[in-house]
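Peer 1: Can you make the complete structure from the sequences, with help from the hints?
Just so we're aligned, residue 11 is where the sequence shown starts under our numbering, counting upward by one.
Simulated from the structure, these hints should not be mistaken for lab results.
Cβ coordinates follow ideal geometry from the N, Cα and C atoms, glycine included.
It is possible that some hints are incorrect.
Simulated restraints on C-beta separations [to be verified]: (1) 291 - 14: 31 to 41 angstroms; (2) 52 - 276: 43 to 53 angstroms; (3) 121 - 163: 46 to 56 angstroms; (4) 276 - 138: 33 to 43 angstroms; (5) 163 - 322: 40 to 50 angstroms; (6) 117 - 35: 17 to 27 angstroms; (7) 139 - 321: 17 to 27 angstroms; (8) 238 - 330: 44 to 54 angstroms; (9) 32 - 339: 20 to 30 angstroms; (10) 240 - 332: 35 to 45 angstroms.
In silico lysine to any residue, SDA-like type, Cα no more than 20 angstroms apart, as pairs [said to hold, decoys possible]: (11) 147 - 137; (12) 239 - 191; (13) 147 - 133.
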Amino acid sequence: MRHTFFCIDGHTAGNPVRLVAGGAPLLRGASMAERRQDFLARFDWIRTGLCFEPRGHDMMSGGFLYPPCADADAAILFIETSGCLPMCGHGTIGMITFGLENGLITPREPGRLRVEVPAGVIDIDYVAEGNRVRSVKIRNVPAYLATQGIEIDVPGFGPLSIDVAYGGNYYAIIEPQGAYTGLDDLGAARLVELSRTIRERVQAVYDPVHPLEPTIRGVSHVLWADAPKGEGADGRNAVFYGERAIDRSPCGTGTSARLAHLAATGRLQVGDRFVHESYIGSRFVGRVEAETMIGGQAAIVPSIEGSAIATGFNTIWIDREDPFFAGFTVV
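Peer 2: Okay, here's the thing in structure tokens:
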């Protein structure tokens, strides 16, 4: 049997986004959180088939548009090589951009959207000129600092103190210390190698669970923080996900987690703006919009603003007679 998926491909700040505009499976569930679990149980071969080789690659991510369960304009289910994420910032910016530009999303109020994602409901402001969407600003789900000072030892590198923050996914955050003097001194290949070990060692001793949604748990990403490189930026990062991916964008949920981390440690206040650079120099503009609580946990409401570019239409077949119909990875 051949399954056909009609896709719009593009990127947000350099990181790939594949919006599956046709071919999404019908899902069970009264919320996008429940639909996410149904997708993982019955249709994860679609994620791996579209994101892994030979139809994708290590950095591939994207998602599907669905009718919302909550009071919203649209709903998104995210897919990427690391899994079916509760929230994806760069993916949201890309899919909202491509969806609006191609008539797949009709806002009730021009310039504003409410979108349901597995992590909750997010508010979006966008700027359009004619048929082009110039920027998308996400008022994200609440973000918070989960824990500080996890001490690990990385063979061949040395001891590190790790903080963990949530911005839609859980991030192990590493600030310059010890053998880590900055991103440029390591390089992408070394970052990938170290990040795998760091994530494994953090997961072995700490398993965070979302205060309101127990299906969101565990450290999935590693964020290496650094001083800014370009003029006008406030910080720089490299985010590791999957098995060997370094985010080309500044990472939307990673930026949200970093904002929560900086706010909780007294380095950002409500209203402060934070321009975040990626490993390749692209930027998101983050802001601490408000303070809030989540399940008794002090948190912030972060926002992230960025832009995306569509690169073309892509019709993809997943054929059950293909020995690699579910994709493969080479680590």
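Peer 1: What are the numbers of the hints the structure violates, in ascending order?
Peer 2: Violated hints: none; all satisfied.
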